[in-house]
Amino acid sequence: MADVTLMKTPAETALAQAFESAKTSLPGQAESRAQAFEQFTQRGLPHRRVEEFKYTDLRAMMREIAPFAGVPAADEARAALAGAKALASVKALQVPFVNGHFVREAVDFHNLPENVEIVPLAEALAENHDWLARLSPVPWANDNPVYQLNTSFMADGVMIRIAGPVEMPVHLRFVTSAASAVATATRILVVVEEGASVTLLETHESTDGANHQPNDVIEMIAGDRTNVQHVRINAEGDKALALSTLAARIGGDALFNSINVVAGSATSRHQVFAVLDGENTNLRVNGATMLKGVQHADSTLVVEHAAPHCESRELFKTVIDNEATGVFQGKIIVPHHAQKTDGRMMSAALLLEEGGSMNNKPELEIFADDVQCAHGATCGQLDEDLLFYLMARGLPKKEAERLLVQAFLGEALEFVENEAAREALIETVEGWLKART
Amino acid sequence: MLEIKNLIVQIEDKRILNGLNLTVNKGEVAAIMGPNGSGKSTLSYVIAGKEDYEVLDGEILLNGENVLEMEPDQRAAAGVFLAFQYPLEIPGVASMTFLKATLNAQRKARGEAELTTPDFIKRVNAAATQLEIPKDMLKRALNVGFSGGEKKRMEILQMALLQPSFCILDETDSGLDIDALRIVSEGVNALRSSDRAFLVITHYQRLLNYIVPDTVHVMSSGRIVKTGGKELALELEANGYADYRDSEAA
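Keeping their order, the protein sequence lines are chains A and B.
To convert, note that position 244 of the first sequence is 244 in UniProt numbering; the numbers rise steadily by one, no gaps.
To convert, note that position 249 of the second sequence is 249 in UniProt numbering; the numbers rise steadily by one, no gaps.
Honestly, the hints are just simulated from the structure, not real lab data.
Hints are not guaranteed to be accurate.
As the list claims (entries may be wrong) - Which residues of chain B face chain A? A few of them, derived with a C-beta cut under 10 Å, are: (1) 50; (2) 88; (3) 102.
Keep in mind the model is a prediction, meaning the values are calculated, not measured.
Cβ coordinates follow ideal geometry from the N, Cα and C atoms, glycine included.
Next up, chain A with everything else stripped away, as it sits in the complex (with noise of 0.2 Å):
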């Protein structure tokens, strides 16, 4: 076969001299970096011809590069988390991150709750800390580009172990400040030990009119008989192109209980990759997502029933206003040997307007032949006949209007266990309804 030689776009091309740039001054083994680059040179920034990226062209949608953000000042990093608002409600362990790096001044090391214990990830990669070896816990999702821009061009990050259960949530923190457009990588791992539970908090917060282009990816290995309620926000500035991943592999008889809220970025993609790996485990992974104007949100996510006897939920709210997009894609893996399955997953999107999209793509792959799945997705406008309910007892349309879509997204949020957590959620859905026109 003749070789060809593949047009590189002006966005692909500036990531390969960053890469080339960066790529010694990066901590760490320089070959898996290598490594994840190739991979990702070899097919460039997914397209719509690709699959799983049919509905969120990242080669059209990133048409340039910014620089990778350098390591903020002290102070500059101070006045970014003092100004941070995500979750600021929530009496938490602070993990900040001012620019995509860890900001390790704000953490009393030595004073940490009992049973956690952080290392920050560019100290790891640099001594060769024994714990990498537990990044990559979901080993397909090395196939996935976005993850591989990550791996290649991770700066700075941690890892986090939960050895028993942990009474304070743990809240990463990450704030771009940045006046002009950045690049951010980070990379946390969460070890949660057998037996062990902890709320992770994750907000992500930048600067509005900045064209940043953060890309984080948070691993977690969560043992058997472990609990874990991780409850994120994307509350970006108003212009970033938001990537995310959360890969998890979850033992048995375990609880795992996942949310993202989209209340930010102009576009966004949150990837779940999640193997269950041990039987009787209960897996859940909500979404909420608020859009308007011609912003875009992708929610795509992928769970591997790799043992049997486990149940998953997945429910997925989305409201989109004016012109705006929306995408879930869902799918179920059982193999074979994933007997007594039971996997429900249903994507309800609201239209408010006129000129909005949504695209659902649900999946169930089933090899398996006693298991309990099924998979639902509805499209809709506001029920007019409740509508009229609520507006003869007297509450005028927008209000109206308000209560049914706080409602619609309130189905999602009511499984965040930390009231708190769920309360500042709540706040987050009525500051965005209440800033409709």
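Fit chain B to the supplied structure of chain A, relying on the hints for placement.
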């Protein structure tokens, strides 16, 4: 209080109300009876302001004001309350949240101050006790998973809280067992007063044993064809609607 003049209404080119005239005075309880399809529910929806109906002619005056020009929420603030035949389920909205939002919206529309939470809770609890509504029901999403009787009691609870001046009960007796009928009727009777009027729509005379009307109107083919006292309901119960269907055809 309420005056309906020559009301002509259609839905999707089908005429439902054909020049309906009706007057309900302050303090009066008026019953409307009539066979299926005579337009009773349409009348209640048109008074409350449902969009699907096209009003071709006529007017509905509430205390001299034409409500046809008002949005449903404005009508509610002006005192109109419709107890739905099939109350809707609103997943994700706790009954308490809903009650508070509606009460305060109406107060706001009338230029009154919002209720404080303790004051609000006191009022809800008083009304709930009378209607034998358990408190945990108020924490659940509105009407979701409620039985037919519970939904109807919730409607009357809303009526008791909102204190409307003109109440329409659309087949409130449908789906109620004897006990629920008694509770609901007692709730309604407790609200009877000299400055509040009721329009009670029903198929059956049974409800009118509990909520005794001052006047009874017979509706057929979109018009009031006979008006009388409470004894008219008994007559209908005995003879059926056949006479009125005939008179319409004649």
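Hint check results:
For residue 50/B, the interface hint holds, since its Cβ comes within 10 Å of a Cβ in chain A; the closest pair sits about 5 Å apart. Annotation: interface hint on residue 88/B holds; nearest CB of chain A at approximately 5 Å, less than 10 Å. About 4 Å separates the beta-carbon of residue 102/B from the nearest beta-carbon of chain A, less than 10 Å, and the hint is met.
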